[in-house]
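So the chains spell out like this:
There are 2 protein chains.
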Amino acid sequence: MVTFRNAMATDLCEIVQMLADDVLGQERERYENPLPDSYFDAFESIDADRNNELIVACLDGQIVGVQQITFTPYLTHQGGWRATIEGVRTAASERGKGIGSKLIQYAIDRAKARGCHIIQLTTDKKREDSLRFYERLGFTATHEGLKMKL
Amino acid sequence: MVTFRNAMATDLCEIVQMLADDVLGQERERYENPLPDSYFDAFESIDADRNNELIVACLDGQIVGVQQITFTPYLTHQGGWRATIEGVRTAASERGKGIGSKLIQYAIDRAKARGCHIIQLTTDKKREDSLRFYERLGFTATHEGLKMKL
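Chains B and L, in that order, give the protein sequences.
Heads up, the first sequence is in the working numbering, so the first residue is 1 and it goes up one at a time.
Heads up, the second sequence is in the working numbering, so the first residue is 151 and it goes up one at a time.
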């Protein structure tokens, strides 16, 4: 059975391995031993912030998935909170087992528990399967997702 | 000259009036006297969070624009921070004066000051002019923006 918990610093190696083992991630991550300090710094900032949760999915004691959920208070929609999902990955060896869907369902449950009225994410248009995956789960691609590198 | 500052609780009436005076906002905001408590609650949560900034643009002592900037630490991209812009509005009477561009430039400057490597936003596909506006400013619509109401 897949279980979920907040990530710990000792999970970072396995998490970054998953982030790097990805068609887009392999170009932008650095899965090295030792891991670059920037990952530990980011983990500390996430872990210290009650509006950010880094979640791992575990199966038989192994980490098989990861995602980050951010809770944000907004003035729009009459002052409603939103949950944003980012960095969703499933271990390559475990794909096709429904772990991704369970991760998103977990995020939806957390968003409801935190009183959010919307849950949202952006997915790279190059990830052709992702859009269909999220649409099957009930998301609607109503928005353009714009980025600028600084 | 347009100036920028963090919003105060006493600005909320003018801000919500701008949010409601919008083709999409008019369906989902409640600009009433007194303002619904939910706006004040959201303002308090934003104001108390160092990773959220509600910014107003002022011209001749009047509030003429608003936006919210959220700074988020992520593990992806080697543990990089991102800035997300949301709820950008310019007062109806002041449109066409470049205030929107200045708001976004202010957000870019804040994002750089906070060490973010990406600045991002989503815009409703129904807002046909918005996509071009953001593309002119240097954003690229590389992502689909997916939402689910809870």
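Be a bit skeptical, because a hint or two may be false.
[Said to hold, decoys possible] Which chain B residues face chain L? A few, computed with CB under 10 Å, are given here:
(1) Val2
(2) Phe4
(3) Phe40
[Stated by the list, open to error] Okay, derived cross-link-like pairs now, DSS-like style, lysine-lysine, Cα gap no bigger than 25 Å in a straight line:
(4) L/Lys252 x B/Lys102
(5) L/Lys297 x B/Lys147
(6) B/Lys149 x L/Lys299
(7) B/Lys112 x L/Lys252
Simulated from the structure, these hints should not be mistaken for lab results.
Even glycine gets a Cβ: it sits at the ideal position worked out from N, Cα and C.
Here's how the hints hold up against the structure:
Given hint, B/Val2 at the interface with chain L, is violated; its Cβ is 20 Å from that chain's nearest Cβ, farther than 10 Å. The beta carbon of B/Phe4 is not positioned within 10 Å of any beta carbon in chain L (closest approach about 16 Å), and the interface hint is therefore violated. For B/Phe40, the interface hint holds, the least distance from its beta-carbon to any beta-carbon of chain L being 8 Å, beneath 10 Å. Straight-line distance between C-alpha atoms of L/Lys252 and B/Lys102 comes to about 42 Å, which puts the hinted pair past the 25 Å bound.
Distance hint between L/Lys297 and B/Lys147 is fulfilled; the C-alpha atoms sit about 17 Å from each other, no more than 25 Å. For a cut-off of 25 Å, the pair hint linking B/Lys149 to L/Lys299 is broken: about 29 Å separates their Cα positions. Note on B/Lys112 and L/Lys252: the hinted pairing is violated, with a Cα-Cα distance of about 36 Å set against a maximum of 25 Å.
Against the hints set out earlier in the document, violations occur for numbers 1, 2, 4, 6, 7.
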